[in-house]
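Undergrad: Based on the provided sequences and hints, a complete structural model is requested.
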Amino acid sequence: MEENGQPQPSTPRKTRIGSQNVVSSTPSQRLSKHAVDPLSNYSLGDCLGKGAHASVFRGLNLATGETVAVKQIQLANMPKADLETIMLEIDLLKNLNHPNIVKYHGFVKTPDTLSIILE
Numbered sequence: 001m002e003e004n005g006q007p008q009p010s011t012p013r014k015t016r017i018g019s020q021n022v023v024s025s026t027p028s029q030r031l032s033k034h035a036v037d038p039l040s041n042y043s044l045g046d047c048l049g050k051g052a053h054a055s056v057f058r059g060l061n062l063a064t065g066e067t068v069a070v071k072q073i074q075l076a077n078m079p080k081a082d083l084e085t086i087m088l089e090i091d092l093l094k095n096l097n098h099p100n101i102v103k104y105h106g107f108v109k110t111p112d113t114l115s116i117i118l119e
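Those letters in the sequence shown? Residues 1 to 119, per UniProt numbering, in order.
There could be a bad hint or two in this list.
The following label-pair restraints were derived from C-beta to C-beta distances [stated by the list, open to error]:
| id | residue 1 | residue 2 | range |
| --- | --- | --- | --- |
| 1 | ASN77 | HIS98 | 30 to 36 Å |
| 2 | SER40 | GLU119 | 17 to 23 Å |
| 3 | LYS80 | SER43 | 30 to 36 Å |
| 4 | ARG58 | ASN100 | 19 to 25 Å |
| 5 | GLY65 | THR85 | 30 to 36 Å |
| 6 | ALA81 | LYS50 | 20 to 26 Å |
| 7 | SER40 | ASP82 | 16 to 22 Å |
No wet-lab data here; the hints were simulated from the structure.
Even for Gly, the Cβ is constructed at its ideal location relative to N, Cα and C.
TA: Written out as structure tokens, the structure reads:
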């Protein structure tokens, strides 16, 4: 939106689908109104890396054709403090804009996983 001829920063969009919360901060992450599974907009490919609590997959945004990285964090048995730390890191990523830092596109949280979508 423009106000006084100046573009305004986009505000994150929050949508509730069943028991899933979806937060999106870029237009490419908007969900179709009929999507039951928010990750159905993506085709997940090969695993790029794996850690103690998460795996990173190559993903394809089916709506835009954009290649992304999808970091999937397993929430089972994760301490609440660790989840809060991850959410703080997501908030930090939203505000960073530097050529040497991966760009944040959004996240999808389900009861079992937290998927962070990155460039």
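Undergrad: A separate judgement is required for each hint: does it hold in the structure or not?
TA: Results of checking the hints against the structure:
{"no.": "1", "hint": "ASN77 / HIS98: 30 to 36 Å", "result": "holds, 34 Å"}
{"no.": "2", "hint": "SER40 / GLU119: 17 to 23 Å", "result": "holds, 20 Å"}
{"no.": "3", "hint": "LYS80 / SER43: 30 to 36 Å", "result": "holds, 32 Å"}
{"no.": "4", "hint": "ARG58 / ASN100: 19 to 25 Å", "result": "holds, 21 Å"}
{"no.": "5", "hint": "GLY65 / THR85: 30 to 36 Å", "result": "holds, 33 Å"}
{"no.": "6", "hint": "ALA81 / LYS50: 20 to 26 Å", "result": "holds, 23 Å"}
{"no.": "7", "hint": "SER40 / ASP82: 16 to 22 Å", "result": "violated, 28 Å"}
This entry does not satisfy hint 7, going by the numbered hints stated previously; all others are met.
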